[in-house]
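In order, the protein sequences belong to chains A and B.
Mapping to the numbering used here: the first sequence position 50 is 50, numbers consecutive.
Mapping to the numbering used here: the second sequence position 117 is 117, numbers consecutive.
Think of the hints as simulated: they come from the structure by calculation, not from any bench.
Any given hint could be a false lead.
[Claimed, not checked] Listed below are the simulated DSSO-like cross-link pairs for lysine-lysine, each with C-alpha atoms no more than 30 Å apart in a straight line:
id	chain 1	residue 1	chain 2	residue 2
1	A	LYS64	B	LYS282
2	B	LYS128	A	LYS181
3	A	LYS181	B	LYS282
4	A	LYS188	B	LYS110
5	B	LYS217	B	LYS282
6	A	LYS188	B	LYS434
7	B	LYS149	A	LYS188
8	B	LYS46	B	LYS110
9	A	LYS188	B	LYS18
10	A	LYS188	B	LYS217
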Amino acid sequence: MSALSIEGRHIGLPLRETKWMREFYTKLAKQFPLGELTEQRDNLAFISIEQPQLRPLLMHLRDKEGFSHLVLLTAVDWIEEGHFQLTYLLSNRTNGTDIGLRLMISRDDALMESIHDIWPTAATYQRELREMFGIDFPDSPGVYEDFILEGWNNIPPYRRDFDTLEFSTENFAQRPGRETKDPAQHMKQQLYPDGA
Amino acid sequence: MSIRDLLSPFTAWKYLLKNPVTIPDPLNDRPGSARYRGFHKNDNEKCIGCGTCEAICQNGAIDMLPVKGTATQEGDSGLRPRIDYGRCCWCALCVDVCMTGSLTMSNEYKWVESDPDAFRFTPGVDEKFWDNAELGYQRPEDHRLVEAKRVTMEEMDADTRINSFAEIVNGYSIEQAKLEADRCVACGICIATCPTHMAIPDYIDAVREGNYERGLKLLYETNPFSNVCGRVCTRKCESACASRHEGEPIAIRWLKRHIIDQVPFEKYREIIGEPDAPTGKKVAIIGAGPAGMTAAFDLVRMGHEVVVYEAKAAAGGMTRYGIPEYRLPYDALDRDIELIVSLGVKVHYNTRIGSDIAMAQLEQDFDAVLLAIGLQEGRQTRIPKSEHEKVYRAVDLLDKITSEEAFELPHCAVVIGGGNVAMDIARSLARMQKQQYDQVDVVVTAMEDQQHFMADADEIKEALEEGIIIRDNCGPQGCEIDESGHLIGLKTWKVLSILDENNRFAPTYDDSDETIHACDTVIEAIGQFSDTSLLGEELTEKLEWNRGRIDIDSNGRTSESWLWSAGDCVSGPDVVHAVADGHRVASSINSYISSNESSIDKQS
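Based on the sequences and whatever the hints tell you, model everything.
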């Protein structure tokens, strides 16, 4: 999340008023069907959209609105709802504003069209998402190559049904000197050792 | 190579005179953002050591350990989380789940050490340079992993319930109970606070998985009065619950009742199991209340012969003769009693020790004797003219109501006292007035202000809903009698203070602020005491006493080696405390009679 942490504090970039974001959203909503607007900060907001709107919106934002930079593409596993949420975070370098487009895709046979033709860097993110979440992006360059998990033979590790604790316990030894106490047992020992 | 490739290095020249995007000194000029998930902070005062952070950590990075200067006490394990930064991934689940909001993150992300073990540290205890960082990640207000509000317990509305003694509370449905059980993080901090140390997280887990027979077994391991406690427990556990810090405590009492509601009584015996083989030892218990019957339950299961002597016609003590039916229906109490009796406990009802059978007789006939006689006598205010026949003690009237003994129902009653017994008698009389006179006229007066009444907040709220009038800060000064000798009112003065500087009871009044509360009956509900005349003079002389109560050691044993005492008469009024006492003395009696000590005592 380091990209988010920079928070538009680049020297010389003005922070926009929240009002600007809302006006921008209203203007955009006249051209595209948009879902909910979530304002995270004065210069960062998220807009929920439907999958078919993604490509036209990305093109519009990049070419007409100055959002020339794809900051990141990431996913969230909403396992209870059976969805993956994809977030395309774009940045307008000129006015220091970031907009995230959020959309849901089905968790079963998760599949999404690639946008590497709009931003070539997207291929890297898509390759990562395929590896970590098991979301397929057909035609994305190198999408089936190992990214950082070499020789992985488990379910994709960012899926919520992956047991992270079990994996870390099995694969990583504890540093010597680790010990822990159960709160209830410790209290018994301290307060009523005889059981009464 | 194209022309473009050849020229492009030169295009960079155009940026020469522009402001650089690069941060010149990134280590210092680039602080983490306001919500950055940097190094951990823990407010040691706020933290209760519940270990929920450890439980949720997906990297096994957190240990719970005692720290110097933080004591283990009720509601606080005294443990604090130590984090191993060799494993932490800064996902912040620990912060999101923290039950008190003590654990947060700073926006600091740079930390250099040569000693790798330094990266295993206890935030808030081991001082760090980011401890006072203002920015950093905290759980946003609306972002909660566990529901803050408890599932509402449905109950009868005031207009309906005032017409009868029917139970007010409906109990949870299976769906409601599961939702409520899901709020429990199973930290187990509550167990130490429960006087009988019930396996609370385990039986809540049984509710979650719908395994009610396992739940019942767990309840009976520590509490044979689970029917009673599922309804009227003082639930001290809930005041220690981790969930109370950022929301409502888990409805532990109602979940206990839910287990009880789900298991048919016919199954109890099978679940609880058979007593051990007979030992040939005999124990007499005086008083069939929760303390006496809990001890009877334990001792009979250990194989001892147990005989209970009860002065009244039925068992249960104050839970039957004090607590009204609308809070604790008799059939619920009867189930607890029946189960204990079914294990082979003999109960002699209507048998008063002292007059019917002497203590000396019990001492002679049994290996050990337990005195669990409760607090049956109501205290009197002894204000002027309070000896009038229409001035009652609340416990006496509650007893009459249970025993269905006739008394002249007041048209207009004034209760003195702000505790649960005051509420019990006020609400019982209100119901009877509604049935007989079709109107409620009960006033509760107490010396405290309403915020400081001893009664449960629920009791006060429900009493008010039922049309009972509460007048607080009223100190009783005397009863008003008319010329023909009828009681016509209670005189009170406004209370200015109750305790003196040494916290002793020494009320001061404003005597110019006098109120006459018109009534035909006054009921004193200012506390109870124990009638120990059954002991007889000789034994009373022999026993050690402590401020009017029989002196006992930590096992409930008196200064006489054959005699134990338990429950309200030695510990003060509280059902679950009496249950805990019962277990304690049973264990002590068992070790005494199982050793040769008792036979040696008998011979001497």
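For this session: Could you grab the alpha-carbon distance between LYS188/A and LYS217/B and see if it respects the 30 Å cut-off?
Result: Holds - the C-alpha atoms of LYS217/B and LYS188/A are around 21 Å apart, at most 30 Å.
Exercise. Does the structure keep LYS149/B and LYS188/A at a Cα separation of 30 Å or less?
Worked result: holds, 29 Å
For this session: With a cut-off of 30 Å on the C-alpha distance, tell me whether LYS181/A and LYS282/B pass.
Result: violated, 42 Å
Problem set entry | Straight-line alpha-carbon gap LYS217/B to LYS282/B, limit 30 Å | Within the cut-off at roughly 27 Å; holds.
For this session: Sort out whether LYS110/B lies within 30 Å of LYS46/B, counting only the CA atoms.
Result: holds, 26 Å
Exercise. Are LYS188/A and LYS434/B close enough, with their CA atoms no more than 30 Å apart?
Worked result: violated, 49 Å
Exercise. Do the alpha carbons of LYS188/A and LYS18/B lie within 30 Å of each other, as the hint requires?
Worked result: violated, 68 Å
For this session: Below or equal to 30 Å on CA atoms is what counts here, so check LYS188/A against LYS110/B.
Result: violated, 40 Å
Exercise. Is LYS128/B close enough to LYS181/A, meaning Cα to Cα at most 30 Å?
Worked result: Within the cut-off at roughly 24 Å; holds.
For this session: Compare the distance between the alpha carbons of LYS64/A and LYS282/B with 30 Å, and conclude whether the hinted pair is satisfied.
Result: The given pair, whose Cα atoms are some 94 Å apart, is violated under the 30 Å limit.
The structure shown violates the earlier hints numbered 1, 3, 4, 6 and 9.
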